[in-house]
Amino acid sequence: MDLTHLKAHELIKGYENRDFTCTEVTQAYLDVIKAKEQDINAYITVTDNLALSRAQYVDSMYENREEQGLLAGVPLAIKDNVAVKDVKMTAASKILENFIAPYNSTLTEKVNEAGAIILGKANMDEFAMGATTRSSYFGATKNPLDPKLIPGGSSGGSAAAVSGFEACLAVGTDTGGSTRQPAGFNGIVGFKPTYGSVSRFGIASMANTFDTVGSFGRDVEDAHLLMQVMAGRDMKDATSIDNPSLTKPIDFENGAYLKDIKVAVPKVYLNMELDSVVKSAFDSTIALLKDAGATVDVVDLENLEYTIQVYHILVNSEIASNMSRFDSLRYGHRTQRPYSSYEEMFKFSRSEGFGDEVKKRIMVGTHILSLDAKSNYYQKALQVRTLIKKGFDDVFKNYDLILSPSAPILPIPLDSTMSDVEIYQSDLFTIPANMAGCPSISVPYTGGSFPVGMLLTADRLRDDMCFKAASEMERRLK
Amino acid sequence: MSYKTIVGLEIHVELSTVTKAFCSCENTFGGEPNTRVCPVCLALPGAMPVLNENVLNYTLMAALALNCTINKESKFDRKNYFYPDLTKGFQITQNDRPIAVEGHLTIDTDNGPKDIGIYQIQMEEDTGKSLHGDNETLIDYNRCGVPLIEIVSKPDMASGKEGRAFLENLRNTLKFIGVSDVKMEEGSLRCDVNVNVKDELTGKKTAVTEVKNLNSFRAVEKAIDFEVARHIALLENGEDELRTTRRWDDVNGQTVLMRVKYTQADYRFQPEGDLVPVVIDDAYIETIRAQLPELPADKKARFISAYNLSEYDAAVLTSSVQLAEFFESVAAKFDDANMVSNWIMTEVLRRVEDTEDNFEVPFEADDFVELLNFVKSGKINNNAGKKVLREMFESKAKPADIIEDKGLLQVSDDSAIGVWVDEVLKDNPQSIEDIKGGKDRAMGFLVGQVMKKSKGKANPGLVNKLLQEKIQKM
Ligand SMILES: [Zn+2]
Numbered sequence: 001m002d003l004t005h006l007k008a009h010e011l012i013k014g015y016e017n018r019d020f021t022c023t024e025v026t027q028a029y030l031d032v033i034k035a036k037e038q039d040i041n042a043y044i045t046v047t048d049n050l051a052l053s054r055a056q057y058v059d060s061m062y063e064n065r066e067e068q069g070l071l072a073g074v075p076l077a078i079k080d081n082v083a084v085k086d087v088k089m090t091a092a093s094k095i096l097e098n099f100i101a102p103y104n105s106t107l108t109e110k111v112n113e114a115g116a117i118i119l120g121k122a123n124m125d126e127f128a129m130g131a132t133t134r135s136s137y138f139g140a141t142k143n144p145l146d147p148k149l150i151p152g153g154s155s156g157g158s159a160a161a162v163s164g165f166e167a168c169l170a171v172g173t174d175t176g177g178s179t180r181q182p183a184g185f186n187g188i189v190g191f192k193p194t195y196g197s198v199s200r201f202g203i204a205s206m207a208n209t210f211d212t213v214g215s216f217g218r219d220v221e222d223a224h225l226l227m228q229v230m231a232g233r234d235m236k237d238a239t240s241i242d243n244p245s246l247t248k249p250i251d252f253e254n255g256a257y258l259k260d261i262k263v264a265v266p267k268v269y270l271n272m273e274l275d276s277v278v279k280s281a282f283d284s285t286i287a288l289l290k291d292a293g294a295t296v297d298v299v300d301l302e303n304l305e306y307t308i309q310v311y312h313i314l315v316n317s318e319i320a321s322n323m324s325r326f327d328s329l330r331y332g333h334r335t336q337r338p339y340s341s342y343e344e345m346f347k348f349s350r351s352e353g354f355g356d357e358v359k360k361r362i363m364v365g366t367h368i369l370s371l372d373a374k375s376n377y378y379q380k381a382l383q384v385r386t387l388i389k390k391g392f393d394d395v396f397k398n399y400d401l402i403l404s405p406s407a408p409i410l411p412i413p414l415d416s417t418m419s420d421v422e423i424y425q426s427d428l429f430t431i432p433a434n435m436a437g438c439p440s441i442s443v444p445y446t447g448g449s450f451p452v453g454m455l456l457t458a459d460r461l462r463d464d465m466c467f468k469a470a471s472e473m474e475r476r477l478k
Numbered sequence: 001m002s003y004k005t006i007v008g009l010e011i012h013v014e015l016s017t018v019t020k021a022f023c024s025c026e027n028t029f030g031g032e033p034n035t036r037v038c039p040v041c042l043a044l045p046g047a048m049p050v051l052n053e054n055v056l057n058y059t060l061m062a063a064l065a066l067n068c069t070i071n072k073e074s075k076f077d078r079k080n081y082f083y084p085d086l087t088k089g090f091q092i093t094q095n096d097r098p099i100a101v102e103g104h105l106t107i108d109t110d111n112g113p114k115d116i117g118i119y120q121i122q123m124e125e126d127t128g129k130s131l132h133g134d135n136e137t138l139i140d141y142n143r144c145g146v147p148l149i150e151i152v153s154k155p156d157m158a159s160g161k162e163g164r165a166f167l168e169n170l171r172n173t174l175k176f177i178g179v180s181d182v183k184m185e186e187g188s189l190r191c192d193v194n195v196n197v198k199d200e201l202t203g204k205k206t207a208v209t210e211v212k213n214l215n216s217f218r219a220v221e222k223a224i225d226f227e228v229a230r231h232i233a234l235l236e237n238g239e240d241e242l243r244t245t246r247r248w249d250d251v252n253g254q255t256v257l258m259r260v261k262y263t264q265a266d267y268r269f270q271p272e273g274d275l276v277p278v279v280i281d282d283a284y285i286e287t288i289r290a291q292l293p294e295l296p297a298d299k300k301a302r303f304i305s306a307y308n309l310s311e312y313d314a315a316v317l318t319s320s321v322q323l324a325e326f327f328e329s330v331a332a333k334f335d336d337a338n339m340v341s342n343w344i345m346t347e348v349l350r351r352v353e354d355t356e357d358n359f360e361v362p363f364e365a366d367d368f369v370e371l372l373n374f375v376k377s378g379k380i381n382n383n384a385g386k387k388v389l390r391e392m393f394e395s396k397a398k399p400a401d402i403i404e405d406k407g408l409l410q411v412s413d414d415s416a417i418g419v420w421v422d423e424v425l426k427d428n429p430q431s432i433e434d435i436k437g438g439k440d441r442a443m444g445f446l447v448g449q450v451m452k453k454s455k456g457k458a459n460p461g462l463v464n465k466l467l468q469e470k471i472q473k474m
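For the protein sequence lines, the chains are B and R, in the order given.
First residue of the first sequence? That's 1 in UniProt numbering, and the numbers climb one at a time after it.
First residue of the second sequence? That's 1 in UniProt numbering, and the numbers climb one at a time after it.
Treat the hints loosely; a few may be bogus.
[To be verified] Under the rule of at most 30 Å between Cα atoms (straight-line distance), these lysine-lysine pairs were calculated in the DSBU-like manner:
#1 R:K75 <-> B:K94
#2 R:K129 <-> B:K85
#3 B:K380 <-> R:K75
[As the list claims (entries may be wrong)] Chain R residues, not near chain B, derived (Cβ > 12 Å throughout):
#4 S24
#5 P49
#6 R78
#7 N80
[Unchecked claim] Heads up, incomplete: computed chain B residues facing chain R, CB under 10 Å, no partners named:
#8 E97
#9 P102
#10 M323
#11 Q336
#12 P338
#13 Q383
#14 V384
#15 T386
#16 L387
#17 G447
#18 G448
#19 L461
No lab work stands behind these hints, which were simulated from the structure alone.
Beta carbons are placed, not taken as given, at the ideal position from N, Cα and C, and that holds for glycine.
Given only the sequences and the hints, what does the whole structure look like? Please build it.
This is how it looks when you write it as structure tokens:
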């Protein structure tokens, strides 16, 4: 039995039956990491000593029959924009290359309390900006399904770790699709909850009104398990909320959740150019849903066609402001060049410390917020965001879920030279859920030549709808 | 020529909450640099602000005391700029939807009371402090996140005197309600003034000058007057100038140019998405209003009408919360409010050093009531009463014990006083002659002699009466 091929819920049963120990499982994962990292580069930091000592502790808890948390003994990876106390937190940027987090994020506290074993910090696009995990200062991550391909982004390291058996579960962040798009590219499940369901305290902000924390698992049940642990209102994050729909029990074995649900497919998505593999997976999924007793209708979703433009205006404006704390005064990369003023010190340090993608977005965002462009772009984009939200509200008056592929394309080769605009397009289907704050899940359609992520989006605080529908879809595909 | 002076004030007030605006670091002045900081004030990656509820409550108290309209929904914004002591690269403030708008504060002027308008009050946070050395600059982040309110007045003041009166009144009000210690020297009250002048005949106006960081009330008044004169001179010489920022040079008594503003600074304001909008309802506002103490102006008016005090006495007695409280607790148990007022105004206040900031006496109000009762009932005389009070300050003993100890009880017994009177008359035949010859002044001398003989204990009224009677019979 290959211990790393067990899912989290299977591991937990195994521990309870004393089939194997947590130390054995953790060691098995560390062995895979050792063997594969050279090729995959899913991690920036591997915390092997920490993981093994935690594993021994959890084993002793099992031996003493002490009460265990929901994730007791489950090894997982945490995206490197999340603070884990006394461990490097680089956000895949040179500017934080040697930054050691002096405190835990709330989610780190929660997974620790639940007994999870943190294997390390996963690679990502620098500061979570990107859709390929190629913008990491620590080198690109490769897709375990085919190492010539990108794993997607920005949580590409987290997705690759789970898909490549270098972690059982992984924590990602999702600002415009960063859990769901790479989940789709890696043939695993990626979930993003209702905005605010998981505390952002201790997570480096990218675009704070869009950022959410999501989960990766090799099946829906695993992704759900991790979400249950991370969710909950936190006094340290004023935007966090209680979301009881995340902890509702779900029958993963027998639940007939697709019967009589109403699924909407936005009309604009039907006329889009999709990769043929994606297109046929999409069509098959619609057929599968109908087969299971769901209604699938084509609907108008107002203003959806402006999503990408509005997203980039707003997100870059927030990025410009969120990146300004990295001034290299209190922490982070400090230039070695001589400087004669603090402005120069900022300038040299930041131009050395940030990668191109980050710099570009800071400049775009700063420009958008500067006086003359502001009312034309920024204020209007805020208004359109409200309209897009309203479009979602209208659809959810009559429908339980919105269906689309997770990305219009299959993962591109690592060395492909797609334009930025083309790459930004790969977040096309995932971004609307971030604009509207809705929960959304990518579940792999595995009936074709390459796994394709199928995206289900539900109304705010109806996260359980995503999990229920996805779990039955997954079961029917087996 | 007739000129209209236009003066507006921008005031930053530090709130004296226990913790900072957006984290739980202690909010106090001074201390070792960088000892009151946390991931939030230092803007470490992942740190997030959470609004301290007391910052909201204190701001609401200030807004209500300044007669403002409270916005039921306000929000926070980011003011983006780079500066070494600004950790996040932006300052959290309120820009387009502040917590309170449209208030006023009444000041006394030579032409009677005048309302000075207030545009808005906004909540914001302070930044760190740079300490410049010879070759290096060190930064103290203790002040990062210290809660401030910015109060922007309307340009309703017409002179340095009015500007100063407004600022002083504002300080007293905020201090009275306890939301700030408003100390200019410690930076918990900071004032910038905006001045320009309009030629009422031609309608021509000078460009607004901003004088920054004035650190005393006197400087505010002087700087305004200096600028008014400078602006009038500009108009008279037909000169114009760009918007300038100046500072006050106290040594030379003039303002000095800091910079010329060519364009408005671009702060790239945007909503602070890490904080939720502040939404409050009428019930919440009323709860805060109920916590508000009586304001100085209201208290003074009530003292005049309820206790029948003079305008001056009422002003002094309401100049500090503690003093007013002391007066009222004594007056509640003693039916002659004017006597209470007189004793406090003269005998008590001369012995209390810091009336305004920290009025404190070493005895209870009840002890003071007891003393006044001794005097009022004639058990001790006025002079003995003053002695007792002095002793109460020094030894902190009770009035009855002091009187007993020093034997100060007034002697109102005819026969005892008669003995002293007889002795004095026997010793001073010349004075008797004088009185009979119409020289009244000698009477005072004889009374004094009797008092002396009684060691101050004789009832002066009785002494006088007995002396008169006995001399007449002679
Ligand atoms: Zn702090």
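Here is how each hint holds up against the structure:
A C-alpha spacing of about 35 Å is found between K75 (chain R) and K94 (chain B), which places the hinted pair above 30 Å, so the restraint is violated. At roughly 29 Å between alpha-carbon atoms, K129 (chain R) and K85 (chain B) fall within 30 Å of each other, so this suggested pair holds. As the CA atoms of K380 (chain B) and K75 (chain R) are separated by approximately 19 Å, the hinted pair is consistent with the 30 Å bound. The beta carbon of S24 (chain R) sits about 10 Å from the closest Cβ of chain B, which is not more than 12 Å, so the claim that it is off the interface is violated.
Remark: the non-interface label on P49 (chain R) conflicts with the geometry, its nearest Cβ contact in chain B lying 7 Å away (cut-off 12 Å). For R78 (chain R), the non-interface assignment is contradicted: its Cβ lies about 5 Å from the closest Cβ of chain B, within the 12 Å cut-off. Not every CB of chain B lies more than 12 Å from the CB of N80 (chain R), the least distance being 5 Å, so the non-interface label is violated. Taken as an interface hint, E97 (chain B) does not check out: its beta carbon lies about 13 Å from the nearest beta carbon of chain R, beyond 10 Å.
A distance limit of 10 Å between C-beta atoms decides the matter here; for P102 (chain B) the minimum to chain R is near 7 Å, and the interface restraint holds. A hinted interface residue such as M323 (chain B) counts as satisfied when its beta carbon comes closer than 10 Å to some beta carbon of chain R; here the least separation is about 8 Å, so the hint holds. This hint is violated: Q336 (chain B) has a C-beta 17 Å from the nearest C-beta of chain R, more than the 10 Å allowed. Because the beta carbon of P338 (chain B) sits about 13 Å from the nearest beta carbon in chain R, more than 10 Å, this interface hint is broken.
Because the beta carbon of Q383 (chain B) sits about 13 Å from the nearest beta carbon in chain R, more than 10 Å, this interface hint is broken. Interface restraint check for V384 (chain B): the shortest CB-CB distance to chain R comes to about 15 Å, outside 10 Å, so the restraint is violated. Taking 10 Å as the C-beta cut-off, the interface hint given for T386 (chain B) is violated, the closest approach to chain R being about 13 Å. The criterion of a C-beta within 10 Å of any C-beta in chain R is not met by L387 (chain B), whose closest approach is roughly 17 Å, and the hint is violated.
The restraint placing G447 (chain B) at the interface with chain R is violated, with a minimum CB-CB distance near 40 Å, outside the 10 Å limit. The beta carbon of G448 (chain B) is not positioned within 10 Å of any beta carbon in chain R (closest approach about 40 Å), and the interface hint is therefore violated. Given hint, L461 (chain B) at the interface with chain R, is violated; its Cβ is 16 Å from that chain's nearest Cβ, farther than 10 Å.
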